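Engineer: Going down the list, the sequences are from chains V and F. Add 97 to the 1-based position in the first sequence for our numbering, that's all there is to it. Add 56 to the 1-based position in the second sequence for our numbering, that's all there is to it.
Hints were generated in silico from the structure; no laboratory data involved. One or more of the hints may lead you astray.
[As the list claims (entries may be wrong)] Quick list of in silico lysine to aspartate or glutamate cross-link-like pairs, DMTMM-like style, CA-CA up to 20 Å:
(1) F:Lys-121 x V:Glu-131
(2) V:Lys-137 x F:Asp-91
(3) F:Lys-231 x F:Asp-206
(4) F:Lys-231 x F:Asp-208
(5) F:Lys-231 x F:Glu-210
(6) V:Lys-112 x F:Glu-85
(7) F:Lys-231 x V:Glu-113
(8) V:Lys-112 x F:Glu-77
(9) F:Lys-231 x F:Asp-193
(10) V:Lys-137 x F:Asp-106
(11) V:Lys-112 x F:Asp-91
(12) F:Lys-121 x F:Glu-77
(13) V:Lys-112 x F:Asp-76
(14) F:Lys-121 x V:Asp-106
(15) V:Lys-140 x V:Glu-129
(16) F:Lys-121 x F:Asp-76
(17) F:Lys-121 x F:Glu-110
(18) F:Lys-231 x V:Glu-129
(19) F:Lys-121 x V:Glu-113
(20) V:Lys-112 x F:Glu-98
Note that the structure is a prediction, hence the values are computed from the model and not measured.
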Amino acid sequence: MPGDCLPEDLQILWKEMSMSPSTFSPPQLRAELERLNEGKRRKSIVFLAAMGTLIVSFASFFFLFPNTLARTGSVLSVFGLVYWLAQTRMSRARPISEMGDSNCIQFYRAELVRRRDLSRGFPLWSRILLAMPPWIVFNLGFAQLYPNLAPIMWFDCGTIVAVIAFIVPMGLRQARMYQRRIDLLDAFQSRS
Amino acid sequence: MTTSDVGKIEPQEVARSGQDEAYRQAASEYGTALDRLAYAYEADPDRRRDLSQEIHLALWRSFEKFNGQCSIRTWIYRVAHNVATSHVIRQSRWKRNTAAYLTLEEAEAQASRENVEISADRHQTLTRLLALIQGLDLIDRQVILAYLEDLDAESIGEITGLSTANVWTRVHRIKNLLVHQFHKGVRDAR
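From just these sequences and the hints, can you work out the full model?
Structural biologist: Here you go:
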């Protein structure tokens with residue numbers, strides 16, 4: 098039966114996969130790296146500008162709105178946003194240069210753990226608790242100061258709650274998916 | 057398995073010739089193998105081109121740090137598989153179904169329920185082989201890809217982190233599974 102000899106043939110068969118190899122010259126790769134870095138820099142600037150605007154806005158709200166709740170909300174929001182910014186910048190993927198140092202299992206597991214931890218537990222709850230509720234506290238203070246604008250503030254609070262209600266289950270679902278893969282990998286390693 | 061192509065580029069050569077020259081040599085020696093590897097990780101042609109470029113870029117950048125801590129071939133395959141792993145994890149965030157790879161045990165259980173019949177022609181066989189590899193969990197995929205590229209069990213162990221005995225066991229089981237799947241594919245096609 099032809100299938101009986103198939104395994105011996107597999108390596109030859111695999112190499113029959115005809116293709117002209119992708120060729121990149123170092124200058125091409127250097128240019129591509131520059132393009133990628135430029136894209137990253139641009140994204141980073143947009144992110145930093147958005148966060149910076151929010152931080153400066155909440156800091157100025159402290160002086161603009163003389164109400165205890167609004168001031169508490171603005172101070173906590175500044176802390177929350179600074180923490181969020183720091184956490185985002187600290188949880189970056191491994192540098193490319195380390196990729197050859199780790200074997201595939203080590204790398205795969207580390208990557209799954211990193212992504213799982215970002216999607217659950219302290220990183221998830223700290224981001225949500227430090228950035229979202231202070232905003233609600235500020236809105237409540239603002240609504241006290243300007244009762245005629247209160248409906249807008251209630252709507253804003255509702256939006257924040259809806260965002261939390263969306264982010265948390267999504268994050269936890271992602272974390273469970275990563276955990277399942279980590280468990281499979283651990284079970285696989287313990288058997289070997 | 058053959059070991060004829062082990063370490064054609066020496067670590068000392070990398071240090072001497074520099075990042076660009078080391079990359080040029082690696083690309084000319086392993087370029088086709090790296091493209092086959094990209095095929096096994098990504099079915100979509102556009103994303104595969106991106107993955108292939110990402111692998112080459114990572115490889116070129118990695119030579120900046122290579123100082124002979126392992127053989128050059130191990131280094132190249134580790135970088136390539138690790139870049140591809142990141143690619144697969146990233147993609148699986150957006151495509152729910154790619155999170156559901158078959159573990160070897162699940163694939164075997166599924167195969168054992170099928171009857172064995174005849175083999176297909178080589179083109180179909182290759183297509184099925186690729187499809188089956190793309191459905192395997194990442195570690196099994198890495199093992200079989202390294203085997204298909206003629207790497208010995210010890211080298212596969214260095215790349216993946218598995219023991220040599222475990223590599224052999226998995227290669228044997230994956231090969232049996234492939235045979236079973238080929239026969240199933242032919243029967244289904246009829």
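Engineer: V:Lys-112 and F:Glu-77: Cα distance at most 20 Å?
Structural biologist: Violated - the C-alpha atoms of F:Glu-77 and V:Lys-112 are around 26 Å apart, more than 20 Å.
Engineer: Could you grab the alpha-carbon distance between F:Lys-121 and V:Glu-131 and see if it respects the 20 Å cut-off?
Structural biologist: holds, 19 Å
Engineer: Between F:Lys-231 and V:Glu-113, is the straight-line Cα distance small enough, at 20 Å or below?
Structural biologist: holds, 18 Å
Engineer: Within a Cα-Cα threshold of 20 Å, do F:Lys-121 and F:Asp-76 meet the stated pairing?
Structural biologist: OK: F:Lys-121 and F:Asp-76 at ~13 Å, within 20 Å.
Engineer: What's the verdict on V:Lys-140 and V:Glu-129, does the C-alpha distance respect the 20 Å limit or exceed it?
Structural biologist: holds, 17 Å
Engineer: Is F:Lys-231 within 20 Å of F:Asp-208, Cα to Cα?
Structural biologist: Since the Cα atoms of F:Lys-231 and F:Asp-208 sit roughly 15 Å apart, the hinted pair holds (cutoff 20 Å).
Engineer: Under the criterion that the straight-line Cα-Cα distance not exceed 20 Å, is the pair F:Lys-231, F:Asp-206 satisfied?
Structural biologist: holds, 14 Å
Engineer: Quick one, are V:Lys-137 and F:Asp-91 close enough, alpha carbons at most 20 Å?
Structural biologist: It is violated: about 26 Å lies between the C-alpha atoms, which goes past 20 Å.
Engineer: Run the distance test for F:Lys-121 versus V:Glu-113: straight-line Cα separation, threshold 20 Å.
Structural biologist: Violated, at roughly 34 Å.
Engineer: Given the hinted pair V:Lys-112 and F:Asp-91, is their Cα-Cα distance within 20 Å?
Structural biologist: holds, 11 Å
Engineer: Within a Cα-Cα threshold of 20 Å, do V:Lys-112 and F:Glu-98 meet the stated pairing?
Structural biologist: holds, 17 Å
Engineer: Are F:Lys-231 and V:Glu-129 close enough, with their CA atoms no more than 20 Å apart?
Structural biologist: At roughly 39 Å apart (the allowed maximum being 20 Å), V:Glu-129 and F:Lys-231 break the hint.
In this structure, the earlier hints numbered 2, 8, 13, 14, 18, 19 are contradicted, and the remaining ones agree with it.
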